[in-house]
Amino acid sequence: GAGVSQSPSNKVTEKGKDVELRCDPISGHTALYWYRQSLGQGLEFLIYFQGNSAPDKSGLPSDRFSAERTGGSVSTLTIQRTQQEDSAVYLCASSFKDKSGSSLYNEQFFGPGTRLTVL
Amino acid sequence: QKEVEQDPGPLSVPEGAIVSLNCTYSNSAFQYFMWYRQYSRKGPELLMYTYSSGNKEDGRFTAQVDKSSKYISLFIRDSQPSDSATYLCAMSADNQGGKLIFGQGTELSVKP
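Chains as they are written, first to last, in my numbering: chain A, -16 to 102; chain B, 3 to 114.
So here's chain A without its partners, still in its complex pose:
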């Protein structure tokens, strides 16, 4: 079956421009996560969606970052007025959670990422 897909795979933009990154999770997965991986850094949590609940935005680094998830499936991460420090690989992951929203085991399946370069 299809895994998590992300587009574009690479994005080069100029400082100050807005960018949109897309994530298609695995069908049936109710939880969706965005992470950022900067050069020499581990993965940094950004935002988490679970069903119809309010997203956990605690990892977003500034108000220039926002994300939405339409219809409980596809998600878009938007970065406004990009800065050079936003250059990183943006990774999306999805997982399945039962109806209660709890899960003892939360295997997250990652997409290949979008490599963002801000000039």
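Relax, there's no trap hidden among the hints.
Below, a list of computed lysine to any residue pairs in the SDA-like style, where the Cα atoms sit at most 25 Å apart:
{"no.": "1", "chain 1": "B", "residue 1": "Lys58", "chain 2": "B", "residue 2": "Gly18"}
{"no.": "2", "chain 1": "B", "residue 1": "Lys113", "chain 2": "A", "residue 2": "Leu22"}
{"no.": "3", "chain 1": "B", "residue 1": "Lys4", "chain 2": "A", "residue 2": "Asp46"}
{"no.": "4", "chain 1": "B", "residue 1": "Lys44", "chain 2": "A", "residue 2": "Arg52"}
Hints in this document: simulated from the structure, not taken from any laboratory.
Please build the complex by placing chain B on the supplied structure of chain A, with the hints as guidance.
Below, chain B without anything else, positioned relative to chain A:
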């Protein structure tokens, strides 16, 4: 100080060697401990998962968790060139929605 600390390496070993990868952490609420493997320009993939303390073995891989010391390890026996990748430890706590906190990742190279 980061919640999860991991030596970034790089680590280079000859084929057949035993590899030991480690992470320390500060948050005692962590209950779920994972090791992810990431090949160049790919997304991470889950390698091992352990709940709370203890050991888990899967083929050539063994994961250990010592909650009293806040220390986790991944051992790779009979390492192969195909094991060359970055290994990331990750942890999460109950009621965190499965949000993972990652270490920096250790870059491993296994030379034939």
